[in-house]
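Okay, here's what each chain looks like letter by letter:
2 protein chains.
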Amino acid sequence: MARDYGEEWGKTMRMVNMTCISCKDEYTTSSAGTCRECYEEASETEEELKKEIEELKSRIAFLKMWASEAMLDDYTDVSLQLSDGSKIKAHRAVLISKSPVFKAMLENEMEENRTRTIKITDFSYEVLRSFVHYLYTAETFPDEQMAYDLLVLAEKYQVKHLRTVCEKFITSRVNNDNAIMSFAFAHQHNAKHLREAALSLIIENMNTLTTREEYHELVDKDPRLVVEIYESYLSKQVNTAAKEATSIC
Amino acid sequence: MARDYGEEWGKTMRMVNMTCISCKDEYTTSSAGTCRECYEEASETEEELKKEIEELKSRIAFLKMWASEAMLDDYTDVSLQLSDGSKIKAHRAVLISKSPVFKAMLENEMEENRTRTIKITDFSYEVLRSFVHYLYTAETFPDEQMAYDLLVLAEKYQVKHLRTVCEKFITSRVNNDNAIMSFAFAHQHNAKHLREAALSLIIENMNTLTTREEYHELVDKDPRLVVEIYESYLSKQVNTAAKEATSIC
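These protein sequences, in sequence, are chains A and B. Residue numbering for the first sequence is 1 to 249, as defined by the UniProt record's numbering. Residue numbering for the second sequence is 1 to 249, as defined by the UniProt record's numbering.
Keep in mind the hints are simulated off the structure, nothing from the lab. Worth double-checking, as some hints may not be accurate.
As the list makes no split between identical chains, a pair holds if one copy fits it or if it spans any two.
To be verified - Keeping only pairs whose Cα atoms sit at most 25 Å apart, straight-line, the calculated DSS-like set for lysine-lysine is: (1) K156 to K103; (2) K87 to K221; (3) K51 to K160; (4) K119 to K50; (5) K160 to K119; (6) K192 to K156; (7) K243 to K89; (8) K192 to K160; (9) K221 to K57; (10) K119 to K87.
Input sequences plus hints: build the corresponding full structure.
What follows is the structure, encoded as structure tokens:
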């Protein structure tokens, strides 16, 4: 009887598994990952990246070491003054280097330069303290509300790095409940990434849009923005229809 | 004739290779790495680590932004003065927070605090400039000689972070040509890791030890250190002999 070697081979193929060096489970050809050499190389890369992260963190720790002391220091040379008269001390050199607005205030013949006092009236002590703290430490902040406030301050004083960090932070936290509010905020402060993320989420959930309180508030406050939402929704529907038509043809 | 299925199976096993998802080469059971799931997970981890590195680098860039401006700033409040009378300007708050020695000088009733001038006579302008620059930026330095000088300065002013960074940098560059000099330097400045690395390299190359000029210089200058080298060499030989004896038994 002639043996069917093809069938034999096929059976064997299915039975030969390899053991994953990482999770220790067996795997078959269809779910093969890497050879051992590439695995070892990748592990080394991961180790090196982790080492680099540790080094960078230690540099940051060193750089921000003086922040807490510096802001209490008698030898600060500028004050940021709030509307209730309370002050936050800082170093002119730090403010100047981080913000072109502070630079203009503190290098030219302006009242701020003569009095060494910058009046900031629209923010709370806590927010302003966090803002100055960020200029010294680049340390991230605890909650969304602070990120919104700091984005506005960063925009006002043109601290680009902080503005970007705040926008990323808020964008990563956009959800159904805050999408409309985030969209309006992003529009007001020209935050493109946040605007896109919020709009995309709103459009994905159009069926519940008009049931939301924030929606009606936005209709009252800024109907043009509501029109933008509907225009984007319509445009997406038209695109989807066009794609479907093409795939049918 | 009875077929030998075992032999057939063995042949097939050797022929079934899988393709590495990373290098695209085929591999066999004996050089199997990971399954696809683990490979994908590892790739994601790598991406995340790289992202974290980018973020940390951007924080560092933001933190050290003021360094170049700050050190030229008219509003610095301390000077480091070299023996030729030249000065490097700095901020009291930065020096105090990075060095307990500067802190003691600038916070107590000492001459340095009254005159706001710290005299540093044993170093060149270039080295002192790099030292102050490091306090503001945590930026690494270009060459070994600078690392040696900065380690000595960091030791004198107790800037631990910089001391560690310098020691790592020098240790990573120990070779046959500088091992004896590095060993002597490490001994003098109590740099344990550097000392171990240098000693280990010297012992590996004992056959050329006495041919080296630095060896004879060390015999003249600090014979106790040379004794330490021989003691370590002897101890290593005794250990190796003991291990060999055990393996024979």
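* To do: List in ascending order the numbers of the hints, as given earlier, that are violated by the structure.
  => 2, 4, 7 and 9
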